[in-house]
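S.K.: When you get a sec, could you build the whole thing from the sequences and use the hints?
Here the sequence shown is numbered in this note's numbering, starting from 14 and rising by one per residue.
No lab work stands behind these hints, which were simulated from the structure alone. Be careful, since some hints might not be right.
[Claimed, not checked] Under the rule of at most 27 Å between Cα atoms (straight-line distance), these lysine-lysine pairs were calculated in the DSS-like manner:
#, residue 1, residue 2
1, 288, 69
2, 278, 214
3, 68, 214
4, 24, 69
5, 222, 69
6, 278, 299
7, 328, 31
8, 303, 278
9, 299, 288
10, 288, 303
11, 24, 140
12, 31, 288
13, 288, 278
14, 222, 278
15, 68, 31
16, 182, 214
17, 182, 222
18, 68, 182
19, 328, 288
20, 303, 328
21, 328, 299
22, 222, 288
23, 140, 182
24, 24, 328
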Amino acid sequence: MTDSAACHNTKRITYSLKRRGYDLGTVHSGDEGEGSISSDDELSNWQQGKPFLLKKICLPQLAEYSEHINQAYSLYQAILNDEECDPIFAESPYRDRLDHGFESLGSSVNEGDDQEIETVLFDAIEKGETLAEDLWMKISWLSFHEEDASLRFRFSFGVDNIEDVAADKQRQHYAALLTDAVFPESRLITDNTDLSHHIQKAMVSDTVKFVERIVYFNSPGGGAYLHHDRERGHAGVVYAQLSGITYWLALPKQLLMQEIALFVKQCHQTNAWPKTLDSTMQDELKQLAKNQQDLSSELESFSNNTLIHLINETKQFVQQLITNGHGRLVQSGDALLLPQETDLSCCWHSVFSLGEESGEALSFAVRGG
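M.R.: Pasting the structure below:
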């Protein structure tokens, strides 16, 4: 496993950006956009939907959780080897942690979801009384690409993508506790008072709750395409890198649309379109660039193949985003805050996994108390 402490190298390093079979150029450490920002800028950045990186904010506690991080990596490897979670959770150390507050209800697989691997079901219990029903941990592939071994462990409750999770704070709470039981290293976020202070200041809130939690393992050549995590009741997302290293493109939706329009304009004026964008795709992009409402709708659909290819699989566009300061190098011990207060200011983001081994990361939605 990648040594989570061997990070924050000060030497200038060149990284290849390869994801799902696409070579998207290189990036150099030190070329990324703003790193840590001043405390006075945090509120402004949050309101504008701009990401901000808190370097090394989790680093002092990483060693304390190294055993749990190694256990999580072993669980990840077991899933890759087609092992099921039920037998694993029936043994120590998982049994010891889960028995204190959760009853396992077995597992299921949604045959209609090709990305799902397994969903493990739980009730939260105390002294024989059920406190919260239908909690779950869903394990899924991040993509369909055969060389992408990236996984996510997502914790929630109820009917996925239908239930209004923001309306049931009690089950949100117990789903969060379930995350702590399976992945105790979650406390690198939840028990980090310095990190909480930054988030509370940005949100202008006296308290912060970490809900709708996901634990990621991003594998070499993998990572998420540009997307957002906006959901009712949530103010944003905090991401913490526990092992490995990732590179992010992150910017508010309004800026993303401006970058698309700029790219299309420059290609049209110079007639220097990337070869992967045929004439039909070029015409579609020119029309979308003229109408921000249509462009916004097509982005939100996540089904427009021309836009998906442009913003995720086109080297020239990715390099434009990097040149214009939208890249962030996130190393073990770093945390990245992604605001999502409005549709236009919601921070869109994509991830590249760098290095030779998969790394673990936490991604938790945040809301005020």
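S.K.: Confirm or reject each hint.
M.R.: Hint check results:
1. At roughly 41 Å between alpha-carbon atoms, residue 288 and residue 69 are farther apart than 27 Å, so this suggested pair is violated.
2. Distance restraint check for residue 278 and residue 214: the Cα-Cα separation of roughly 39 Å exceeds the 27 Å cut-off, and the hinted pair is therefore not satisfied.
3. Annotation: proposed proximity of residue 68 to residue 214 holds, straight-line Cα distance about 17 Å (limit 27 Å).
4. As the CA atoms of residue 24 and residue 69 are separated by approximately 17 Å, the hinted pair is consistent with the 27 Å bound.
5. The hinted pair formed by residue 222 and residue 69 meets the criterion: a straight-line CA distance of about 21 Å does not exceed 27 Å.
6. Simply put, residue 278 and residue 299 have alpha-carbon atoms about 8 Å apart, close enough for the 27 Å limit, and the pair holds.
7. Pair hint residue 328 plus residue 31 holds up; C-alpha atoms about 10 Å apart against a cutoff of 27 Å.
8. Only pairs whose Cα atoms come within 27 Å are accepted, and residue 303 paired with residue 278 is accepted, the gap being roughly 10 Å.
9. A distance of roughly 16 Å separates the Cα atoms of residue 299 and residue 288; the hinted pair therefore holds under the 27 Å criterion.
10. The hinted pair formed by residue 288 and residue 303 meets the criterion: a straight-line CA distance of about 22 Å does not exceed 27 Å.
11. Restraint check for residue 24 and residue 140: not satisfied, since their Cα atoms lie roughly 55 Å apart, outside the 27 Å limit.
12. Note on residue 31 and residue 288: the hinted pairing holds, with a Cα-Cα distance of about 18 Å set against a maximum of 27 Å.
13. Among the hinted pairs, residue 288 with residue 278 is consistent with the structure: their alpha-carbon atoms are about 16 Å apart, no more than 27 Å.
14. With a C-alpha separation of about 43 Å, the suggested pair residue 222 and residue 278 falls outside the 27 Å cut-off, and the hint is violated.
15. Taking the CA atoms of residue 68 and residue 31, the gap is about 24 Å. The hint holds against a cut of 27 Å.
16. For the hint pairing residue 182 with residue 214, the CA-to-CA distance comes to about 22 Å; that is within 27 Å, so the pair holds.
17. Pair hint residue 182 plus residue 222 holds up; C-alpha atoms about 10 Å apart against a cutoff of 27 Å.
18. About 31 Å separates the Cα atoms of residue 68 and residue 182, which puts this hinted pair outside 27 Å; it is violated.
19. At most 27 Å may separate the alpha-carbon atoms for a hinted pair to count; residue 328 and residue 288 meet this at roughly 11 Å.
20. Restraint check for residue 303 and residue 328: satisfied, since their Cα atoms lie roughly 23 Å apart, inside the 27 Å limit.
21. Distance hint between residue 328 and residue 299 is fulfilled; the C-alpha atoms sit about 19 Å from each other, no more than 27 Å.
22. Distance restraint check for residue 222 and residue 288: the Cα-Cα separation of roughly 47 Å exceeds the 27 Å cut-off, and the hinted pair is therefore not satisfied.
23. As the CA atoms of residue 140 and residue 182 are separated by approximately 22 Å, the hinted pair is consistent with the 27 Å bound.
24. Proximity of residue 24 to residue 328 is assessed by CA-CA distance (about 25 Å); at most 27 Å being required, the pair is judged to hold.
The structure is inconsistent with the numbered hints 1, 2, 11, 14, 18, 22, although it conforms to all the rest.
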